[in-house]
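Asks: The residues making up each chain are set out below.
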Amino acid sequence: MHSGLTTKIKATNAYACLDCGKCTSVCPVSRFSGQYSPRNLLTKAVREDFDSLCSDYDLWSCLTCKRCDEVCIANIQYSDLTQAVRTEAKDSGFHGKCSHSGAMELLQTIMTKPDLKQNRLDWVEDDMEIAEEGDVLYFTGCAPYFDVFFTDLDLSILDAAKSSIAILNKLGVKPVLMKDERCCGHDLLWNGDEENFRMLAEHNLEAVEKSGAKTILFSCAECMSSFYDLYPKYGYNVKPELKHMSQFLAEKLETGQLKLKDADKEITYQDPCRLGRHMGIYDEPRQVLSSNADGNYHEMMQNNKGSLCCGVSGWMNCDMTSKGIQRERLKQASDTGADILAVACPKCQIHLTCTMKDDIVKEKHGMDIKDISTITLERLGEL
Amino acid sequence: MSVKSTSNKFQEVLSGEKVSLSFTNRLKEQYSVGYVEPSPCKEACPAGVNVKSYVSLIAAGKFHDALKVVRERNPLPGICGRICTHPCESYCSRSEIDEPVAICWLKRFVADYELTHPAEKPKPASKRKEKIAVIGAGPAGLTAAHDLALQGFMVTIFEELSEPGGMLIAGIPSYRMPRDILKVEIDYIRDLGVNIKTNTRIEGKDALKSLLKYFNSVFIAVGAHTGKKLNVPGEDDYEGFLDAVTFLRGINLDKPKKPGNKIIVIGGGNSAIDAARTAIRLECEEVHIVYRRTRKEMPANDAEIEEAENEGVQIHYLASPVKIVGKNGKVTGMECLKMELGEPDESGRRRPVPIKGSEFIVEADVIIPAISQEPDLTFLPADHGLDISRWNTFMSDESTMATNIPGVFAGGDAVTGPNTVIDAIAQGHVAADSIERFLNGEILESQEPTKRKFETEIKVDPITRKKSKRAGMPMTEPSNRGSSFDEVEHGFDEATAITEAQRCLRCGPCDECFTCVTECDKGVAILSSPDNYDDLIFRLPSEFPTQDLQKGNLQGSIKSSNGNISFQMNSVVPQVKENLCRGCGDCVTVCEYDACELVSLGGEVFVSQINPDLCRGCGTCVALCPSSSIMPGRFTQDWLSHKLENVHTDKENIVIFSCNWNGSVANPAEHPELKPGDSNLIFINTMCAGRIEMSFIFNALEKGADRVLITGCKIEDCHFEFGAKQFAKTYKKVEQLAHMLGIESGTIKYEQIPEGNTAKFIEIVNKFVKETR
Numbered sequence: 117m118h119s120g121l122t123t124k125i126k127a128t129n130a131y132a133c134l135d136c137g138k139c140t141s142v143c144p145v146s147r148f149s150g151q152y153s154p155r156n157l158l159t160k161a162v163r164e165d166f167d168s169l170c171s172d173y174d175l176w177s178c179l180t181c182k183r184c185d186e187v188c189i190a191n192i193q194y195s196d197l198t199q200a201v202r203t204e205a206k207d208s209g210f211h212g213k214c215s216h217s218g219a220m221e222l223l224q225t226i227m228t229k230p231d232l233k234q235n236r237l238d239w240v241e242d243d244m245e246i247a248e249e250g251d252v253l254y255f256t257g258c259a260p261y262f263d264v265f266f267t268d269l270d271l272s273i274l275d276a277a278k279s280s281i282a283i284l285n286k287l288g289v290k291p292v293l294m295k296d297e298r299c300c301g302h303d304l305l306w307n308g309d310e311e312n313f314r315m316l317a318e319h320n321l322e323a324v325e326k327s328g329a330k331t332i333l334f335s336c337a338e339c340m341s342s343f344y345d346l347y348p349k350y351g352y353n354v355k356p357e358l359k360h361m362s363q364f365l366a367e368k369l370e371t372g373q374l375k376l377k378d379a380d381k382e383i384t385y386q387d388p389c390r391l392g393r394h395m396g397i398y399d400e401p402r403q404v405l406s407s408n409a410d411g412n413y414h415e416m417m418q419n420n421k422g423s424l425c426c427g428v429s430g431w432m433n434c435d436m437t438s439k440g441i442q443r444e445r446l447k448q449a450s451d452t453g454a455d456i457l458a459v460a461c462p463k464c465q466i467h468l469t470c471t472m473k474d475d476i477v478k479e480k481h482g483m484d485i486k487d488i489s490t491i492t493l494e495r496l497g498e499l
Numbered sequence: 018m019s020v021k022s023t024s025n026k027f028q029e030v031l032s033g034e035k036v037s038l039s040f041t042n043r044l045k046e047q048y049s050v051g052y053v054e055p056s057p058c059k060e061a062c063p064a065g066v067n068v069k070s071y072v073s074l075i076a077a078g079k080f081h082d083a084l085k086v087v088r089e090r091n092p093l094p095g096i097c098g099r100i101c102t103h104p105c106e107s108y109c110s111r112s113e114i115d116e117p118v119a120i121c122w123l124k125r126f127v128a129d130y131e132l133t134h135p136a137e138k139p140k141p142a143s144k145r146k147e148k149i150a151v152i153g154a155g156p157a158g159l160t161a162a163h164d165l166a167l168q169g170f171m172v173t174i175f176e177e178l179s180e181p182g183g184m185l186i187a188g189i190p191s192y193r194m195p196r197d198i199l200k201v202e203i204d205y206i207r208d209l210g211v212n213i214k215t216n217t218r219i220e221g222k223d224a225l226k227s228l229l230k231y232f233n234s235v236f237i238a239v240g241a242h243t244g245k246k247l248n249v250p251g252e253d254d255y256e257g258f259l260d261a262v263t264f265l266r267g268i269n270l271d272k273p274k275k276p277g278n279k280i281i282v283i284g285g286g287n288s289a290i291d292a293a294r295t296a297i298r299l300e301c302e303e304v305h306i307v308y309r310r311t312r313k314e315m316p317a318n319d320a321e322i323e324e325a326e327n328e329g330v331q332i333h334y335l336a337s338p339v340k341i342v343g344k345n346g347k348v349t350g351m352e353c354l355k356m357e358l359g360e361p362d363e364s365g366r367r368r369p370v371p372i373k374g375s376e377f378i379v380e381a382d383v384i385i386p387a388i389s390q391e392p393d394l395t396f397l398p399a400d401h402g403l404d405i406s407r408w409n410t411f412m413s414d415e416s417t418m419a420t421n422i423p424g425v426f427a428g429g430d431a432v433t434g435p436n437t438v439i440d441a442i443a444q445g446h447v448a449a450d451s452i453e454r455f456l457n458g459e460i461l462e463s464q465e466p467t468k469r470k471f472e473t474e475i476k477v478d479p480i481t482r483k484k485s486k487r488a489g490m491p492m493t494e495p496s497n498r499g500s501s502f503d504e505v506e507h508g509f510d511e512a513t514a515i516t517e518a519q520r521c522l523r524c525g526p527c528d529e530c531f532t533c534v535t536e537c538d539k540g541v542a543i544l545s546s547p548d549n550y551d552d553l554i555f556r557l558p559s560e561f562p563t564q565d566l567q568k569g570n571l572q573g574s575i576k577s578s579n580g581n582i583s584f585q586m587n588s589v590v591p592q593v594k595e596n597l598c599r600g601c602g603d604c605v606t607v608c609e610y611d612a613c614e615l616v617s618l619g620g621e622v623f624v625s626q627i628n629p630d631l632c633r634g635c636g637t638c639v640a641l642c643p644s645s646s647i648m649p650g651r652f653t654q655d656w657l658s659h660k661l662e663n664v665h666t667d668k669e670n671i672v673i674f675s676c677n678w679n680g681s682v683a684n685p686a687e688h689p690e691l692k693p694g695d696s697n698l699i700f701i702n703t704m705c706a707g708r709i710e711m712s713f714i715f716n717a718l719e720k721g722a723d724r725v726l727i728t729g730c731k732i733e734d735c736h737f738e739f740g741a742k743q744f745a746k747t748y749k750k751v752e753q754l755a756h757m758l759g760i761e762s763g764t765i766k767y768e769q770i771p772e773g774n775t776a777k778f779i780e781i782v783n784k785f786v787k788e789t790r
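Going line by line, the protein sequences match chains A and B. Going by my numbering, the first residue of the first sequence is number 117, and it counts up by one from there. Going by my numbering, the first residue of the second sequence is number 18, and it counts up by one from there.
The hints are simulated quantities; they were obtained by calculation from the structure and are not laboratory data. Note that CB positions come from ideal geometry on N, CA and C, so glycine has one too.
In silico DMTMM-like links for lysine to aspartate or glutamate, alpha-carbon gap of 25 Å or less:
(1) B/K749 / A/D268
(2) B/K750 / A/D296
(3) A/K126 / A/E310
(4) A/K368 / A/D275
(5) B/K731 / A/D268
(6) A/K377 / A/E415
(7) B/K746 / A/D263
(8) B/K272 / B/D204
(9) A/K229 / B/E752
Which residues of chain B face chain A? A few of them, derived with a C-beta cut under 10 Å, are:
(10) P643
(11) M757
(12) G759
Where chain A lies over chain B, by a calculated footprint (3+ residues, C-beta under 8 Å):
(13) 589-603
(14) 617-623
(15) 716-726
(16) 750-756
Chain A on its own, in the form it takes in the complex (with noise of 0.2 Å):
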């Protein structure tokens, strides 16, 4: 029965695991659930007892943030052991614990649907320059959900959207939206659900190559690895070049064409798993917040490559361990003095505006958090 998954566990090189513990010591859900350990996981899965595997909890737990797959001196991939788990354990009938009981799963399902006619640019303000088909295209992502489903968390999810297009449009780029663009996936298949990812990522390949877009701008680092691991990695012919705005930003920044004013603020950077450790992205986003080299930027105590996820990964298991992630990260952000924590990924906003609920987190170590178009759209100077 589980044949397939044997063959998938080898090739992430669970077998060489030498048992060292350095995933573990990285781990940030190891740090702080206690009972959580990706070799507990590994062990199962090299012993090939599954079916304790496939109920585990802890399955789910797995933000498959890449931390461990960063410093495993074995090269194994650890958080592709956790997808092929999962989406054997989801044949099974097992399931994690989803948050808001699975709304967002829901969304996600009925957005595979081939029939279905969204009116999800109903956000486009009139004065925002868009067209239907041309060589720049901005995949907006899930964030109109988003926007209506966390209205009570008081944060505008959209405005990383709106800011880009401004920004683009300054720059006189009239760039595609798609009217009919889907969520990307990336959340199902991580989440062992490869049938819809596979429905939705041949969706928006389509539409995408309807509009003739040359290049796709992304704020989304999930939606964009996506298109840049995913949908390679499952035989997908992605032609258009991929950049996240951040590159887009720093490579306008260089170039001359867009110029920053002196920064007011001091700012802090989130580097989001799916563009740091996924895709390899550290440098730009520090070059756009950090261009004028007025020294008011500063790195957290974890960055880069060991930077500290937000907490959560695919509405999954959003618990205790995750706020404990999350006010950490909090924390590290607080304690370099900035005034505003720069996110370059939706989730990241969330999660981390979330945990501000809490009061204690709140005053402790609250802060504005803003995607990084939103600071440059701010910080724009005269053309």
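Dock chain B against chain A, hints included.
Replies: Chain B alone, transformed into the frame defined by chain A:
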């Protein structure tokens, strides 16, 4: 307990295997348990009042519901709560342990409670054109009129006296039967549309015939108001003779007048005691009661005898009148003979035998015989044609109350001779039922009276029960009563009533409180009746008072003739899974009962905890929790998934989420006015709209629902005060998300229904079904 099963799963239950009777499982399996023998108290009550049911409702603090149960079989709860002879208490299982539950006084408590906390009155059924005449506004007549009025008949009661109430007002003194209580209960019956004509004596040559001309049926309930004679020498020779009924009627309906200074009352029933205690209040110098047997044989209520003695009445037991002594045409005393008890007579009481030469004289200026009464038949002409017994009472069939003339019924003391109020009420019910059947054209056949059993199969084990003291009745001290006719007994307060009701052993496995039917899970719980074994049943075990259900998951077993049945019932109180809780405080903010609170696990780590004493089970916090860490006992995700399995592939599926309080239907099959057309309707009831999560709605659509209707109470009507408000917020988001997803408008709809309005609910469902997308 007899048990019948409709499913194999149930056989497993019977075989002792433990299964969960959680909400989900109860939906999955149909359980059917045979009805247990009625409790002894209910069996002992001549009117068949479901005593256990109302006592358990009082124990749960549901006073209005309790009163409703009483009224089903007794329209005079305040009256019976004061003067009933309460045979229920005589058979109460609690007396095997200590003392019977004070059932009668509990009934009085709920009746009094309504005086200060008015409840909604029942509405009569749709009008019927037939008219019914009732002769006599005593308990039998009032009961029959009450029942018939509720069935929609036009009822007129003809009452000879100036006030309605019959013996209740003419015979029972106000210190025992306050007139305001009597008025309230009679007004209650009047409000149902019963016309009571007082000062109207039916009389004349064609009395009965002319009544039958204008009325479709006549119920004779004239009572027994004529005192019987003593039949001793001198009775007719002297002035100073007054039978008890005439004496009491004069006092109760006219101005109280002192009859004389030294009074002898003859007899041992409640009328004798009433006459004696009334005489005390009229400041008579000496009041004697002469009774042939001992106190043990005295038919009057024990408490009454005791109070009479407390107030100064001298009772001469084992004494029998021999002759009346007089002077100058006036009574001066009575010669009595001492008696001893011999062999038992036909009534089972030992026959008093005179002791020769033991004559003695009791001095008196007024003698009041209170030995017995018979009906006054003089209102009818000699050729009335009705069968009359040798005791001068009307003869009617015991099982139907029908007389030998079709359409004429008779009941109460007019048939039985002097008897108790509760017996008169019982006959009033039978008569009303027969009259309705007669008017429906049914043939009334006499039936063997069913033998009442006074024992259940379920025996109470006295050893396992702790002893507890029966609540005493607070009353005015005898020394403070004086000549006052104010009520002596003051009734229970709420706390006393609840404590006393909790002494009930709830004989049998179910309290019959019907909470399950009316509140718990509509569509799931139906208490089965003896002749309806196939119903689905959900019963509460006797071991646990119903209010305990709030507090936690109950596990236990019910003994049955087929072995033990294990059960588990999940609490309505949700539980927080500690490792999942993020301590965000959303639940604390939403819960206006303050049931959720954040507690520290040390340092800055807080988790929510739910206080079961404050939680009322609406489930709003469950729906709101971002990390899904609050686990509902019922209305779970599993339950939802199970409900959604009912989608048809070849039909339009409409999922209807509703709140249990907004009139949603329990069993759609029972509502032919629901018009599903070609659509498959899936009803999903929750405790409150607040429990309905956004994911429920999208889940329904994802699982194959074509359309979704959500009904809830109006925000201001919400039983849980904030659940509806919270859902309205959620629904705003649902609307926006659905629009964004391109879900056609009209696919999802949310309607607010005024509380408990089933007709409106059905109307809205029908309208939604008809609408096309």
